[in-house]
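S.K.: Sequence:
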Amino acid sequence: MRLALSLALSAIYWLRLGISAWIITLAVSLDISPMTATLVIMGTIFFAIAVPAAPSAIGTFEFAMMQVLEIFGVSREAGFGFAVIAHAVFFLPPTIMAAVFLSHEALTTAGRRRDIIVDRCTQNSAGPP
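Each residue of the sequence shown is one higher than the one before, starting from 1 at the first, in our numbering.
Source of the hints: derived by calculation from the structure; they are not laboratory data. Accuracy of the hints is not assured; some may be wrong.
Unchecked claim - Distance windows between CB atoms, simulated: (1) Ser-56 / Pro-34: 40 to 46 Å; (2) Ser-33 / Ala-8: 26 to 32 Å; (3) Arg-16 / Arg-120: 30 to 36 Å; (4) Leu-26 / Pro-55: 27 to 33 Å; (5) Val-100 / Phe-80: 29 to 35 Å; (6) Thr-36 / Leu-7: 25 to 31 Å; (7) Thr-36 / Asp-119: 50 to 56 Å; (8) Ile-117 / Pro-52: 28 to 34 Å.
Glycine included, each C-beta is placed from N, C-alpha and C at the ideal position.
Whole structure, please, built from the sequences with the hints as guidance.
M.R.: Written out as structure tokens, the structure is:
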């Protein structure tokens, strides 16, 4: 059941990314088809995040997106504008959600470190099995 839920949530997330990419192309008046926008942009995202880069692929994502959109006749300026907006739309919501959930769950580095130390101490004091 958890696997099915995870798969469904993942599919919904990627569908949202594809629809968002299409909406952003309309917002910045890029003259490419919705299917091209969705597939090419999604492929570029996979490539751009796989390449070693700065945190959150800042710069790498924009460069890759500009290069791919240029193949479809989009100017570098329009491609850069699209890339910055798309990066913000794709990156900020999950980051904000993660910050909210982490603070809600009270997960801190110090707290996790303390839990690990306590676990190790209790295992060592229990003696050999």
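S.K.: Given the range 28 to 34 Å, decide if the beta-carbon distance of Ile-117 to Pro-52 lies inside it.
M.R.: holds (32 Å)
S.K.: Measuring from beta carbon to beta carbon, are Thr-36 and Leu-7 in 25 to 31 Å?
M.R.: Between Thr-36 and Leu-7, where Cβ atoms are some 26 Å apart, the hint holds.
S.K.: Between Thr-36 and Asp-119, does the C-beta distance stay in 50 to 56 Å?
M.R.: holds (52 Å)
S.K.: Between Leu-26 and Pro-55, does the C-beta distance stay in 27 to 33 Å?
M.R.: holds (29 Å)
S.K.: Does the beta carbon distance between Arg-16 and Arg-120 stay inside 30 to 36 Å, or does it fall outside?
M.R.: Violated, at about 41 Å.
S.K.: Does the beta carbon distance between Ser-33 and Ala-8 stay inside 26 to 32 Å, or does it fall outside?
M.R.: holds (28 Å)
S.K.: Cβ-Cβ distance between Ser-56 and Pro-34: within 40 to 46 Å?
M.R.: violated (26 Å)
S.K.: Could you see if the CB distance from Val-100 to Phe-80 stays within 29 to 35 Å?
M.R.: The hinted range 29 to 35 Å holds for Val-100 and Phe-80, with Cβ atoms some 30 Å apart.
Of the numbered hints stated above, those contradicted by the structure are hints 1 and 3, listed in ascending order.
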